[in-house]
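Here the protein sequences come in this chain order: A and B.
Under the numbering used here, the first sequence has 100 at position 100, and the numbering climbs by one with no breaks.
Under the numbering used here, the second sequence has 37 at position 37, and the numbering climbs by one with no breaks.
Do not take every clue at face value.
Below 25 Å or equal to it, Euclidean Cα-Cα: the simulated DMTMM-like pairs (lysine to aspartate or glutamate) are [stated by the list, open to error]:
id	chain 1	residue 1	chain 2	residue 2
1	A	LYS52	A	GLU69
2	A	LYS169	B	ASP18
3	A	LYS144	A	GLU113
4	A	LYS52	A	GLU7
5	A	LYS52	A	ASP41
6	A	LYS169	B	ASP31
7	A	LYS144	B	ASP10
8	B	LYS34	A	GLU153
9	A	LYS52	B	GLU37
10	A	LYS52	A	GLU39
11	A	LYS52	A	GLU115
12	A	LYS169	A	GLU115
13	B	LYS34	A	ASP41
14	A	LYS52	B	ASP31
15	A	LYS144	A	ASP59
16	A	LYS144	B	ASP18
17	B	LYS34	A	ASP64
18	A	LYS169	A	GLU138
19	A	LYS52	B	ASP22
20	B	LYS34	A	GLU113
21	A	LYS157	B	ASP22
22	A	LYS144	B	GLU3
23	A	LYS157	B	ASP31
24	A	LYS52	B	GLU231
25	A	LYS169	B	GLU3
26	B	LYS34	A	ASP22
27	B	LYS34	A	GLU44
Hint data in this document are derived by calculation from the structure and do not stem from the laboratory.
Residues per chain, in single letters:
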Amino acid sequence: MLHQLIEQCQRGNAFAQRRLYDQYANRLYRVSLRYVPHEPDAEEVLMNAFLKIFRNLPDFVYRDDNGLEAWLRRIVVNEALLHLRANRTLPIFRDDDAPEPLDTNELPDGGLEAEQLYDLIRELPPGYRTVFNLYAIEGYTHRKIAGQLHISENTSKSQLSKARALLQKWLTTHGYERTTRQSS
Amino acid sequence: MNEQHGNRLDQQIRQALDTLPDAPPPGSAFDSAKLWERLRPELPAQSVAAQSVAAQSIALQSVEKQLVANKKRPAVGWWLAAASLAGLLMGGLWWSGQISLKRDVVIGKSPEKTGARTGLSAQPNLSVNQPNVVVPPTEIRLITALPEKQHYQKRQGEVEPILAEKFDELADDQSLTTNSGPGISAPETPPLLLTEPDAVSVVAVQKPAITNAPKRRFRVVHANELAAEEESNVVRYRANHFVKLGTGNAASAGSGGESPALLIPLNRKSIQ
């Protein structure tokens with residue numbers, strides 16, 4: 001089904017393009033919003049990403065649905081990084097203002113609410129958020145992150161460690177409190 | 001926080017994010033339809049471009065098919081082109097050879113050079129008694145076309161008897177004649193001698209030889225020099241006086257002095 005849709009898009013079928021857009025627009029908008037918290041900027045990133053998607057779709061070789069989604073997400077992430085670079089909003093990675101990592105192995109019990117986690121990630125400082133998104137969610141390696149962000153691998157590792165510690169801290173304290181506050 | 005603990009946290013977060021609904025975050029003003037409206041005007045151009053690319057690829061495929069079909073045909077055209085080219089080359093070589101042969105005859109080239117090309121070295125090419133044979137038709141045409149034609153014809157009567165002696169002298173001179181034998185071959189520059197009274201005609205005759213023929217050596221003679229030679233020959237052989245025999249006083253003749261009555265100056269104008 002999706003394979004046929006891709007084939008139609010590759011032939012320039014506008015209806016198929018609209019269907020593909022409708023299927024992935026919201027999901028990819030969330031991806032964009034994780035990197036670019038400002039919503040209009042995230043929309044612009046998404047629009048540029050879709051333009052690139054439809055431009056490069058004739059060269060795309062469809063294997064399975066997961067491969068297609070990973071390809072779409074990669075384009076959105078690259079476009080978001082380009083946007084951050086173009087607007088000089090790429091995070092400045094500093095180690096001095098980082099919170100102390102928590103020496104606890106405690107994780108929040110029970111299932112984490114998805115929307116709550118999504119909001120917490122968006123609230124991370126720019127440097128932590130970008131490295132955490134790239135490493136923990138997109139699956140990039142530290143070397144690749146270092147290449148993309150023009151930082152060292154050690155900086156990437158330290159940023160990831162601090163992002164994890166901050167998230168755990170929020171989840172164990174503020175997160176639950178906020179969840180409780182929101183639910184009440 | 002060790003690496004394993006962090007990886008477990010990452011995994012939990014990933015699993016939680018995978019359950020996110022296919023909708024904008026709560027409270028977001030994102031409208032996918034509006035974004036599509038902004039996106040759509042830029043898409044048709046791309047789709048048209050994609051269609052044009054597809055059309056180009058189809059055209060390229062058809063061209064490739066035609067090329068493959070042409071490859072299967074025998075290359076008759078190439079053979080024809082090669083044969084015509086070879087024919088043109090051979091014709092050009094033959095024509096250039098003919099032109100150079102004619103030029104040799106016209107200029108009165110040295111017999112050994114001409115013979116080496118034409119294979120006629122054993123034959124005496126020109127005779128002293130037939131000096132006019134040396135003059136090619138083209139040269140005659142050039143000379144007759146000159147405005148001083150009448151002047152040339154008028155002086156020709158004076159030059160011809162001198163030329164007979166001139167040729168005898170030149171025949172004795174080995175540097176100017178051929179090796180074929182004394183008195184057989186013509187001098188190297190009979191056309192120049194024939195046309196020497198008129199410097200303009202000499203230049204006109206020599207021009208095509210200079211422009212077309214390879215380097216050939218001619219005897220370079222100035223017109224004044226030729227005139228001087230002519231005058232000297234005339235002085236040598238011209239009878240300025242003639243003696244009247246059988247008349248006059250014998251006594252006065254035996255005294256050793258010439259009788260003015262017997263020595264009569266030759267007046268050519270009066271004779272002619």
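Now the hints, each set against the structure:
no. : hint                  : verdict
1   : A/LYS52 <-> A/GLU69   : holds, 14 Å
2   : A/LYS169 <-> B/ASP18  : holds, 22 Å
3   : A/LYS144 <-> A/GLU113 : violated, 30 Å
4   : A/LYS52 <-> A/GLU7    : holds, 17 Å
5   : A/LYS52 <-> A/ASP41   : holds, 17 Å
6   : A/LYS169 <-> B/ASP31  : violated, 34 Å
7   : A/LYS144 <-> B/ASP10  : holds, 18 Å
8   : B/LYS34 <-> A/GLU153  : violated, 40 Å
9   : A/LYS52 <-> B/GLU37   : holds, 16 Å
10  : A/LYS52 <-> A/GLU39   : holds, 20 Å
11  : A/LYS52 <-> A/GLU115  : violated, 28 Å
12  : A/LYS169 <-> A/GLU115 : holds, 17 Å
13  : B/LYS34 <-> A/ASP41   : holds, 15 Å
14  : A/LYS52 <-> B/ASP31   : holds, 20 Å
15  : A/LYS144 <-> A/ASP59  : holds, 24 Å
16  : A/LYS144 <-> B/ASP18  : holds, 23 Å
17  : B/LYS34 <-> A/ASP64   : violated, 29 Å
18  : A/LYS169 <-> A/GLU138 : holds, 22 Å
19  : A/LYS52 <-> B/ASP22   : holds, 22 Å
20  : B/LYS34 <-> A/GLU113  : violated, 29 Å
21  : A/LYS157 <-> B/ASP22  : violated, 31 Å
22  : A/LYS144 <-> B/GLU3   : holds, 18 Å
23  : A/LYS157 <-> B/ASP31  : violated, 36 Å
24  : A/LYS52 <-> B/GLU231  : violated, 103 Å
25  : A/LYS169 <-> B/GLU3   : holds, 17 Å
26  : B/LYS34 <-> A/ASP22   : holds, 12 Å
27  : B/LYS34 <-> A/GLU44   : holds, 12 Å
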